[in-house]
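Undergrad: Chains as they are written, first to last, in this note's numbering: chain D, 1 to 234; chain P, 1 to 292; chain U, 1 to 364.
Everything labelled a hint here was simulated from the structure, so no lab data went into it. Every residue, glycine too, gets a C-beta built ideally from N, C-alpha and C.
Negatives, chain P to chain D, calculated, CB over 12 angstroms: (1) 8; (2) 117; (3) 150.
Chain D stretches covered by chain P per the calculated footprint, using a threshold of three residues with CB under 8 angstroms from any CB of chain P: (4) 66-79; (5) 95-102.
Straight line, CA to CA, 30 angstroms or less: simulated BS3-like cross-link-like pairs of lysine-lysine: (6) 89(P) <-> 72(D); (7) 89(P) <-> 15(D); (8) 63(D) <-> 211(D); (9) 72(D) <-> 211(D); (10) 15(D) <-> 211(D).
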Amino acid sequence: MFAVEELSAAYGPVKALDGVTFTASRGQVTGVLGANGAGKTTLLRTVSGLVRSTHGTVRLDGKDITRTPTEKLTSYGLSHVPEGRGVIAELTVVENLRLGGLHRATASEPMPIERIFELFPRLGERRDATAHQLSGGERQMLVIGRALMARPTVLLLDEPSLGLAPRVVAQIFDLLRGLVQSEELTVVLVEQNARSALSIADHGVVLNLGKVVASAPAAELAADEQLRHAYLGF
Amino acid sequence: MQQFLDTTLGGLVLGAVYAAFALALCLIWRSTRIVNFAQAAMAMVTTYIALSLLNADVPYWLAFLAALAAGFGLGALIERVIIRPVEGKAELNAVILTLGLFMVLNGLTAITFGVQHRGFPAPVGTNAIEVGDTSIGITPFGILTIVVVALVMAGLVVLFRFTDLGLRMRAAAFNGEVSRLLGVRVGRMLTLGWALAAAVGAVAGMLIAGGDLVNPAFMDPFVIYGFIAAVLGGLDSPLGSVIGGLILGLSLSYVTGYVGEHLAPLVALGILMVVLLVRPSGLFAAAAARRV
Amino acid sequence: MERLRSLLGRLVRPVTSVPLARHLVVALIAFVVAMAVIGASSQYLQTRYAEMAYFAIAAGGLTLLTGLSGQLSLGHGALMAVGAYAATLVLDRTGGETLADVFLALLTAIAVCALVGVVVGVPAARLHGPYIAGATLTLAVAVPRLANQWHVLGGEQGLQVPVPRAAELPAWIQDLVWFFTAVEIDQYSFLAYLGWLLLAITFVALANLSRSRVGRRWRAVRDDDVSAELAGIHLGRARVVAFTVSAMAAGLAGGLMAMNVRLTAPGAFTITLSLTLLAAVVLGGLGSLTGALLGAGVLAFLPQLATDLGESAGLSATQAAEVTPVVYGLVLMLVILLAPAGIVGSLRSFLARSYLGQTKEKTT
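Given these sequences and hints, build the entire structure.
TA: Structure (structure tokens):
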């Protein structure tokens with residue numbers, strides 16, 4: 001179980017997060033939605049420790065990880081796929097994946113690279129290509145695969161659909177859905193594309209100007225026209 | 001013909017040392033995006049440490065290892081304490097900082113050891129090899145130099161291509177933030193990069209000093225020649241550093257042999273300017289963009 | 001009281017509001033003060049003041065180049081060498097006996113360095129950061145070595161520099177000096193007065209440039225070259241102009257240095273000279289002429305202090321001489337790590353902040 005409580009963060013005098021509280025459950029996808037600048041990416045970066053929180057806590061299965069250094073989080077089972085995908089462009093596909101597996105969750109079994117290639121056959125075909133040469137969709141698969149190499153229990157994804165064709169997005173989201181169920185992952189999915197996100201999310205949290213304005217089962221959010229128009233753009 | 005052969009061989013030996021030195025600069029550039037203008041002074045310091053040991057009758061190869069270890073430690077200390085505050089800041093700051101460090105290291109060594117020239121022993125002969133009647137323009141120490149540099153390069157290739165540590169170091173250099181998210185202790189990798197580079201620089205210092213005279217300024221030419229060799233090959237490219245070093249070594253050897261030793265730096269400047277104006281990222285510039 | 005104040009204001013404001021007038025007044029006052037101080041000083045101090053003057057000229061040019069135009073140059077020692085050799089050759093040719101010879105030599109030095117400045121500045125304009133640093137550093141090493149190669153430049157021993165004798169200077173100068181300082185002009189004070197006169201003129205010129213359109217263009221190119229180009233500023237041209245101006249200053253400084261040291265040899269123009277100039281401008285604050293003057297003061301007076309300190313700590317003479325470069329290196333490191341804006345820059349921020357603090361208190 002992944003719990004964020006009263007989390008606040010600021011960039012200088014500007015409050016980027018203001019008392020954000022929500023939980024994400026095992027085997028479920030929790031979508032974090034909202035317009036540009038709502039604080040979604042800041043939320044993930046604060047959880048990961050790249051941004052220092054000014055207030056509040058983050059708990060992973062009861063353990064307080066608010067002040068845990070960024071580098072230790074994968075050993076606790078938390079993997080963050082950042083905005084912009086974050087492939088290491090100069091390394092090959094295999095090297096990116098190997099890198100992901102170097103700091104896996106403590107006491108977990110190593111993930112064989114071949115397993116990732118089973119999940120993403122396209123990556124297997126391009127195993128020795130440098131990440132720079134991959135298409136957007138392939139890169140997204142690579143970074144998800146890389147995150148999985150660390151055997152996470154919690155997966156944070158920042159705008160995976162950005163810049164990808166709808167068909168590719170659907171493909172990736174299907175895969176994600178499958179993984180969540182088979183691996184019992186806790187997924188926190190940050191998306192500006194709320195419609196796609198709500199299609200695979202179980203629960204949704206809507207942010208506006210750093211604050212939570214709605215937190216409800218996905219189906220409810222999708223049905224709430226007023227909310228959708230006000231915060232989600234559709 | 002004889003002169004050409006001798007000059008070429010001399011150029012290769014010199015080029016090998018420039019290659020090693022340029023590799024050190026390349027390592028530091030790749031990990032912290034800084035050109036370490038103090039690298040030459042650091043190599044000079046480690047060589048003096050070895051000299052002190054040698055004067056105390058420590059065997060040559062032990063002193064050599066000590067120089068490596070001293071370089072490793074010095075590089076790590078300098079990165080962690082002095083360089084860390086300016087990493088990621090305006091590039092002017094790092095340039096000025098390393099230049100200041102260069103002056104401090106040179107001056108402190110001169111104060112401690114004096115400015116006079118001292119002889120430095122070599123583990124093997126430093127006379128031209130004789131084959132029958134003719135003498136080939138290379139010495140056993142020159143051959144040793146080339147072998148040692150080749151071993152260093154091979155070691156670095158193995159480290160970076162085939163080990164997990166090398167993978168971590170490359171990742172940390174290419175994309176620090178993403179690497180942190182993947183669990184890499186980026187700070188430690190940067191320190192390690194400097195430590196390794198300083199150790200390689202220490203090797204270069206020992207190879208230059210062997211069988212010759214040293215004084216606190218003996219590595220000073222490397223400040224510019226090492227830089228030029230690295231830029232020639234491409235600061236980002238280890239292979240480029242090696243090729244750049246060899247090209248520069250040969251060029252300088254020919255200029256010194258056929259034109260005049262005082263024109264060598266001018267020729268080097270010419271080479272540098274041609275590279276910077278025609279192909280600024282070096283001969284072996286990587287085609288891939290740095291970040292997408 | 002109020003009427004007196006407003007009257008004074010009406011008199012002073014035309015001077016203080018026009019930059020050129022302001023600079024001229026400051027320079028004049030500074031020069032008069034300098035003359036008084038030099039006139040009352042010992043021979044040793046007069047030599048130091050003369051040294052301070054030409055270091056300040058070189059530093060002034062360098063600080064504008066690095067601070068305003070954003071181009072780091074580690075080759076100004078080489079440019080000083082060019083100026084020194086140019087001036088020396090002219091003085092040698094003309095005999096170096098009259099004031100006219102001196103001015104011809106210095107003008108030649110400036111002109112030659114202007115040319116060199118353009119030649120070096122054009123490729124340098126395309127470089128930045130460590131690249132321009134490395135290239136200019138190579139220049140600093142390469143240029144003095146040319147003197148070793150070509151015997152017309154005196155080789156390793158260098159060339160002697162003939163300088164007019166103070167007793168043979170025009171009578172009106174001797175009288176003027178006696179009138180202002182009550183002391184007869186001699187060899188040492190002559191060089192000091194000359195240095196400070198040229199320093200005052202140079203700084204007025206540099207200060208005006210800094211405030212003018214040219215200076216604004218430099219700042220624009222330094223701060224955001226993309227926007228500057230979009231605004232119609234020719235990047236290369238602006239940078240080359242800056243480089244050339246600073247080279248001319250270095251040339252003048254080199255010429256003066258030749259006259260002061262009386263010997264122009266390659267050994268005087270090591271990497272250390274260029275790095276020393278850098279230390280002066282970094283300490284003073286990049287972009288600030290006042291800072292350059294401060295830094296030059298350090299360059300002139302520190303070496304003796306440091307050497308004395310070293311000797312009293314038990315070092316030998318040659319060892320004590322190495323204390324000075326250690327200090328310069330430490331200056332470079334400490335300033336960058338602790339106060340990158342240098343003395344003048346940090347002072348300005350401090351004053352600005354406390355002024356803001358005061359106004360804040362007034363409004364709340």
